[in-house]
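Chemist: These are the residues of each chain, in order.
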Amino acid sequence: MRWRLAAVLVGFTALVLLVQNIPLASYLRTVERDSIITALQRDAFTLGGFSVTSLQDDPPLATDDLTKVVDDYAKANGARVIVVDDRGRAIATAGASFEGRVGQSFLNRPEIQEALGVNGTAHAVSGTRASTVVGQDLIYVAVPVRAGEDVIGAVRLTYPASEVDATVNTRVRGLGIAAFITLVSAAVIAFFLASTITRRIRRLRDAAERIADGDMDARADVSGGSEIEELAESFNTMADRVQAVVESQRGFAGDASHQLRTPLTALRLRLDRAADLMTDDEPAMDQVDAARDEIDRLQRLIDGLLVLARADNTDHITVPVDIAAVAAERISAWQALAGEHNVDIELKAPRMAVGLAIPGAVDQIIDNYVDNALEVVPEGSRIVVTVLAQVTGVVVTVDDMGPGLPPELRERAFDRFWRGSQDGSGSGLGLAIVASLAHAGGGTVWLDESPLGGLRSAARFRTLGTTSGTRESPSHKR
Amino acid sequence: MRSTERPDRHNGRVRILLVEDDAAVAASSLDGLTALGFTVEHVTTGASALAAVAAVEPPEVVLLDLGLPDMDGQEVCRRIRATADIPIIIVSARGDETDRVIALELGADDYLVKPFGMRELAARIRAVMRRTQAPSQAAAPAAAVQEIGRLSIDRRAQRVHLDGEEVALTAKEFDVLAYLAEDPGAVRRRTEILEHVWEGHWYGATKTVDAHVAAIRKKLGDSAWIEAVRGVGFRLGSP
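Here the protein sequences line up with chains S and U, keeping their order. Reminder that position 419 of the first sequence reads as 419 in the numbering used here, one-by-one numbering, no gaps. Reminder that position 140 of the second sequence reads as 140 in the numbering used here, one-by-one numbering, no gaps.
By construction, these hints were calculated from the structure, which means they are not laboratory data. Where hints are given, some of them may not hold.
[Stated by the list, open to error] Result set (BS3-like, lysine-lysine): computed pairs, CA atoms no more than 27 angstroms apart in a straight line:
#, chain 1, residue 1, chain 2, residue 2
1, U, K172, U, K219
2, S, K75, U, K172
3, S, K75, U, K219
4, S, K75, U, K207
5, U, K219, U, K207
6, U, K172, S, K68
7, U, K172, U, K207
8, U, K172, U, K218
9, U, K218, U, K207
[Claimed, not checked] One side only, chain U facing chain S, incomplete, derived with CB under 7 angstroms:
#, residue
10, D21
11, S28
12, D31
13, I89
14, A93
15, K114
16, M118
17, A123
18, R126
19, R130
20, Q133
21, R155
22, E165
23, A214
24, A215
The C-beta atom is built at its ideal place from N, Cα and C for all residues, glycine as well.
Based on the provided sequences and hints, a complete structural model is requested.
Modeler: This is the structure:
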């Protein structure tokens with residue numbers, strides 16, 4: 001955004017400069033040419049004045065004085081000079097490639113005809129034309145030399161147009177340099193201006209990001225008074241309301257769970273006492289035991305809800321975890337139980353795979369996955385736990401040979417209170433907690449078809465280099 | 001499974017002060033504790049609890065609920081501790097680590113999170129009494145070693161020997177075994193084991209306890225050491 005704002009300002013400045021300078025350059029060119037022609041005309045008349053004496057001779061012949069003046073002039077100004085008599089015959093020439101052409105006729109040159117008044121009245125002419133003799137564009141000035149009413153000759157001065165262009169170009173270049181300096185200054189100013197605007201927007205964005213990360217106390221800076229600060233103020237008002245809602249909700253989940261615990265305690269103590277008063281062969285004993293199982297389930301549900309409320313809300317600190325090591329440790333813990341069911345648990349992992357997770361999350365995620373797998377796999381099959389260090393993060397997969405899960409149920413399995421089995425066991429919170437724990441650390445979870453035929457339960461954890469899986473990186477599009 | 005819940009002569013005449021404002025929890029606790037042979041006095045407010053502690057014949061154990069109508073349970077705990085050396089067991093619906101730490105820092109001897117079973121409660125009461133009476137009874141190091149058939153459990157050193165050979169158990173495995181061994185033959189529910197060993201810090205898989213039991217069985221070389229009681233839990237067996 002900063003760059004875009006700066007670019008707009010610089011672009012606008014450039015446009016203004018172009019609009020101004022292009023006509024200015026062409027005007028400069030015209031003025032320069034006109035001033036050269038005027039100067040040449042003045043010089044031509046002066047030279048004409050010098051030539052009068054020579055041209056009045058019969059036959060006209062340049063005096064030494066005239067020759068010298070013409071030579072000096074040509075040398076000093078880089079112009080070519082021809083002085084012709086009334087019949088177009090040169091009596092004095094000077095300038096590059098014009099030496100020693102005295103006596104030659106120049107009557108075929110149109111400007112000389114004009115100056116001598118061959119086809120009408122003699123008059124001064126000036127202009128530009130291509131010259132086949134010198135092979136380039138020429139600026140010419142030809143003026144008649146008069147003695148009284150009679151035209152007794154003409155003076156022609158030519159000047160290479162390229163020399164005029166060079167002078168003009170120098171001027172235009174100066175104009176260009178000035179424009180460039182203006183543009184650079186505009187860019188610097190634009191950049192700083194844009195920076196101050198975007199810095200305030202960025203601060204606002206930082207506050208929004210911190211709130212999104214769970215820091216409900218984050219607020220935007222409202223000092224200043226511009227529209228951006230007004231926006232910041234509106235943002236803060238919104239954040240206040242969101243915070244209030246989130247906190248009341250968070251408080252509710254926690255409070256409800258805590259409040260449920262007290263009657264549950266009484267219920268449990270009553271059942272303990274009831275069981276205590278019975279003999280082992282009492283028929284009602286089964287009922288009491290079943291009721292105690294339900295209390296256990298209820299308790300797990302309440303505990304699970306508390307864990308979920310906590311995982312969803314608290315400020316999470318992620319720490320680097322060697323996921324390969326955790327996987328190895330968890331699998332060795334499950335090995336014995338799996339062995340009792342004649343199930344083999346294999347681990348495929350690199351020596352080390354460090355990912356970011358909130359403390360204890362990796363353990364619980366792997367435990368839940370392995371537990372779920374053990375629940376469904378047939379005897380004599382195997383469960384494969386794989387840890388893969390990828391560019392996008394560290395991926396843990398748990399593959400089983402159980403019945404698997406249809407695709408439409410895989411996504412829903414992470415919902416709260418979703419239960420895979422209908423036998424009344426389980427709280428339906430295991431995978432929801434898995435998802436919460438993973439998301440809290442910036443990771444992702446998913447279920448897929450396993451190459452072993454059953455279900456693949458997977459989790460991806462961030463590494464130090466990768467960005468959060470749930471949010472876009474904040475480092476782009478400033 | 002109810003062997004521990006018979007009136008126990010060790011519990012005889014142990015006076016307990018129950019500070020609990022919830023009538024249902026109080027009534028059921030009172031009932032259960034009385035049945036176990038404790039003498040229970042029940043109060044519902046912090047003020048009356050402080051009065052009872054200051055009485056001529058003070059209680060020997062205080063069971064203190066943190067949510068009281070008249071004052072903060074933590075404040076009651078602090079004030080009792082300021083005047084008396086009576087063991088205090090906090091009973092609370094809040095089980096967060098910070099809640100526990102604050103209570104223990106304020107002088108509580110134990111912290112029990114609701115909901116709890118009667119057996120757990122009785123075991124905790126006996127445990128804090130053992131600890132507070134230990135100096136006078138000069139707890140000999142040998143007393144910490146429990147012999148169950150070929151198995152010996154040393155709670156102080158956290159070691160288990162089978163036929164004189166040390167069995168390498170992890171800390172949690174040891175805790176599970178030691179908990180089951182507290183009352184050999186009594187069935188412990190999974191929830192009880194989770195509460196006792198993990199203290200509510202864990203919401204892992206349903207079969208976390210099963211996994212640890214399986215590991216212990218494997219290391220002891222005989223699955224008969226820990227019997228699964230279908231639908232209930234586990235108990236220590238004797239192969």
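Chemist: Could you check the structure against the hints above and give me the numbers of any it violates, in ascending order?
Modeler: 2, 3, 4, 6, 10, 13, 17, 18, 19, 20, 21, 22
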